[in-house]
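Undergrad: Below are the chains, spelled out letter by letter.
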Amino acid sequence: MTGSPAEGPQTSAGVGWSEADRLSALRAYSILDTAPEPEFDEITEIAALVCKAPIALVSLVAETRQFFKSEVGIGVREMPIEMSICAHAIRERDLFVAPDMEKDPRFACNPLVADGPRLRFYAGAPLVTPEGLPIGTVCVLDHEPRPQGLTAEQGMTLRALARAAMAQLERKRVTGALAQSEERYRLAVAAFHGETYDSDLESGYAHHTPRFDEMLGVHPGDGEPTREWWFTRLHPDDAPRFHEALRDLLNGTAAQLDVEFRVRHENGGWIWVWQRGLLLRDAEGRPKRIAGALLDITERKKVDERLRASEALKGAILEAALDCIITIDHDSRIVEWNPAAERTFGYTRQAALGCDLAELIIPPELKDTHRRGMARFLATGEGPVLGKRVELEAVRADGSRFPVELAISAIEIGAKPHFTAYLRDITSRREAEENLRESDQRLKATYERAFAGIAEVDADGRYLRVNEQFSSVTGYSREELLARSFADITHPEDRERDRAQFHRLMAGEVEAYTLEKRYVHKEGHTVWIDLAASHVGGADGRPLYGIRVVRDVTDRKQAEDELYQLAAELERRVEERTAQLVQTNAELSAFAYSISHDLRAPIRAMEGYAEALIEDHGGQLDGEARLYLERIVAAAHRMNRLVEDLLAYSRLSQGEVVLRPVSLAQVVAEALQEITTEKPDTAHIDADGLAQIVRANPTTLRQAIINLVSNAVKFVPPGTMPHVRLRAEERGEGMVRLWVEDNGIGLASEHLERIFGVFERLHSREAYPGSGIGLAIVRRSMERMGGACGVESELGKGSRFWIELAKVEDAE
Amino acid sequence: MRGEAILVVDDDPDDAHLLMRALRKAGIASPVPHVGDGDAAIAYLSGAAPFQDREEHPLPKLVLLDLKLPRRSGHEVLEWVRAQPGLRRLPIVVLTSSGQRSDIARAYDLGANSYLVKPATTGELNELVRAVHAYWIRLNMSAQVDAHESR
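Residue numbers (this note's numbering), protein chains in the order written: chain S, 1 to 812; chain L, 1 to 151.
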């Protein structure tokens, strides 16, 4: 870095100036980084021309770089200080010439010499300030060495150009400083929102600056420079005050003019101005001029206005506030006491202001605390209660005490802090809280002393809260229950049932459910309970926890069980009885069998021997003996018949009667066949149109029809040919009625019911033989087949018997 | 050849008497031996004492068997007969006063060839006897029966 001026700044002993002064001087010219100017470009052009050099510069050597105010042939406006040759040149008092820099050890390594532009020749004249400080050069450079240096003429020209450049710089510096000073003044006045004035009292001429016009919104120059014009713009309300102030100034009452008033702005509004001025007198002491300043204070006035409004608002708030607002100064003296405070404490504002707060409303036991708190804050700035909500007691004017809630804030007014307390009588809220607490306790008492067990469980069924009764039902203590879920103490057989329901409940699918279930008591026995489960939802309506109300129904359950057992016992007894009855029936059956077998055998013998007697020995008997024998035979026949009918009837009562679809026409045909085979041509019997199929047992039905037709044929007046007609009638509800109508003796209405009973006879055996069981068999047959029977008759006009059975549709 | 005997098994002497009278009246010449209980019936059929003499007590072509018998019932006799290799094809007609369905079914189950209820009147009895003889003795072809076949 040979050639660097780095050794320069502080080692300037040999040159008579310090680098710091030099740089300071350079800064004063404010030339660095300014745009090219013709005055300086002319200088470089002349230098290049005269010196016949390809490069000419007006170079200013700054701390880290050199700046070219003007340049010819180099194309850049600055270079790093390390490459500067001028930095060497300025250390010379006069012209500095380097004929061949390549051979000059100071510059041989300079990049401008060694590489790049390969400069060889340099000649520069220093720019020296009036204080003798070199700040740069006017220099020329060439690519060729010039062993002869510059000609004398060229040297002189270069020096002259350096002086001319310096003169230019100096001129620019002075103009710049003036402009700056004016600018500063202008800025100061602008910041002041004011303008100066100077009014000549004799001529009435008042000088205002363009800014003055601007302040009033008047086009510059349009404002008349007269006092009268000024007076016309005064606000009517303020004009008297202005004139008074002016008068005071002129007659010497006031030392200076100092007045605030409104003047009209060109836009029609008013601006506030503050005018101050001094009266200047002539040699004779007569008032000559008033000079001073005008300040636009509109903004300040607005602020004042806002402040006033804010004060008014604050006052209104204090007035209207429901809370007591009390402000005290640092000495605990009351400075604010709003109407709410008046109402609450019973002291008027008048009475309260200036009093010590502690003496006025603070209970005796808290006075020390209050004073210590104040002292502590004043000493340390710490106030534990400041900004917090505090509840304590206060005292009214009448000495009564009541609860208050208050918040205190500290405010700085002037140097000393003030404290404002916002204070509220919370008597009624306390009462409400008390009521709530009481109701809460009542609820708790109810909960605890309820006859039902009550438990709250979380979403997993774990107990969160249980009442005493719940403990007593389950046998577990509260603590034991809180470590369990309801499933833990539920009977295993009921567990899943309850769980499933509970999950639905907690999923919000159901609002509530009830269940009869069992707990396993801590002591191991089963406890039956009625459970009513519901849930409590959160703000979003989702179930938060479950409520389970249980009632011990073990007693009821036991009663139910007993009832159930009783019913079972009853059932068992009925079964027993039924079994007995079945056995009895079986015995009866056996009895009937015995009758059929044992009773009929002697009848057969009786009949058989009587017949044998008649057949084998009839010839030896007289007519009477034979008649007796015939009567024995007849009696035997009757008895046999009787036994048979009884058997048939008893058989109908027992055993199963199997029903199937039966053709009415076919059964009737079979029955009639049987009757006419026994007694052919003894009756006229019609049967037609019996197309129906009925549900019946064919044998039983046939027997019933035989009985009816036999009766119809039998019960005719002597000598009458029986006429019997069978016909079917379809009744409602799917029934078919078979009518058996005769031309017989008929029945008296009083007998219509009786005749279907067993052994019921209306006529002597001699007149109309029969066992008296026939119609009983008919009725029992119909009953067993789900049908019915009946008769319509009138004495002497024939009878119309009917039986009714369920009709079977063809589809079956 | 006296092989057309009809064995009557009936405990009621009146019934048996009137039955045999009816057979006689119907002009049936077959011998009609009579025993009064089940044991006797089995003894007769197996040729046990006092019925060893087959000349005196020939093996019947038909048995008319009552069901309600002392000692051994008609059903038991039926069962025994059907269990005897030499006798099991012997035609047996039940003739009883019971018309009970259970008796009828059991009789057929045990191998009765027919089931008849004792008629209530003499006229009916005569008719029955004639029909039985006509059918079972004259028309029906019976298998060879030999009480000692398997012995």
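Derived from the structure by calculation, the hints contain no laboratory data. Just so it is clear, CB atoms sit at the ideal spot from N, CA and C, and this is done for glycine as well. Hints may contain errors.
[To be verified] Among the chain L residues that face chain S by a calculated CB cut under 10 angstroms, a handful are:
no., residue
1, Asp14
2, Asp37
3, Arg88
4, Pro91
[To be verified] Partial pick of chain S residues on the chain L-facing surface, computed with a CB cut under 10 angstroms:
no., residue
5, Leu280
6, Ala283
7, Asp296
8, Glu299
9, Lys301
10, Ala601
11, Ile603
12, Gly619
13, Asp622
14, His637
15, Leu647
16, Tyr649
Undergrad: For each hint, tell me whether it holds in the structure or not.
TA: Do the hints match the structure? See the list:
Hint status for Asp14/L relative to chain S: holds, with the closest Cβ pair at about 4 angstroms, below 10 angstroms. Contact between Asp37/L and chain S, as hinted, is not supported at the beta carbon level, the nearest pair being about 16 angstroms apart and thus beyond 10 angstroms. Taking 10 angstroms as the C-beta cut-off, the interface hint given for Arg88/L is violated, the closest approach to chain S being about 28 angstroms. For Pro91/L, the interface hint is violated, since its Cβ never comes within 10 angstroms of a Cβ in chain S; the closest pair sits about 24 angstroms apart.
Checking Leu280/S against chain L by beta carbon gives a least distance of about 163 angstroms; that is not within 10 angstroms, so the hint is violated. For the restraint placing Ala283/S at the interface with chain L, the shortest Cβ-Cβ distance is roughly 174 angstroms, beyond the 10 angstroms limit, so the hint is violated. Taking 10 angstroms as the C-beta contact cut-off toward chain L, the hint placing Asp296/S at the interface is violated, the least distance being around 140 angstroms. For Glu299/S, the shortest C-beta to C-beta distance to chain L is roughly 133 angstroms, which exceeds 10 angstroms, and the interface hint is violated.
With 10 angstroms as the threshold, the beta carbon of Lys301/S stays out of range of chain L, its nearest partner Cβ sitting at about 135 angstroms, so the hint is violated. Annotation: interface hint on Ala601/S holds; nearest CB of chain L at approximately 5 angstroms, less than 10 angstroms. Proximity of Ile603/S to chain L holds as hinted, the smallest CB-CB distance being about 7 angstroms (cut-off 10 angstroms). With a cut of 10 angstroms, the hint placing Gly619/S at the interface with chain L is violated, because the nearest CB-to-CB distance is about 16 angstroms.
Given the 10 angstroms rule on beta carbons, the hint for Asp622/S is violated: about 22 angstroms separates it from the nearest Cβ of chain L. Interface hint at His637/S: satisfied, since its Cβ lies 6 angstroms from the closest Cβ of chain L, which is below the 10 angstroms cut-off. With a least beta-carbon distance of about 8 angstroms to chain L, the hint placing Leu647/S at the interface is held under the 10 angstroms criterion. The closest approach between the C-beta of Tyr649/S and any C-beta of chain L is roughly 14 angstroms, which is over the 10 angstroms cut-off, so the hint fails.
Checked against the numbered hints listed earlier, the structure breaks hints 2, 3, 4, 5, 6, 7, 8, 9, 12, 13, 16; every other hint is satisfied.
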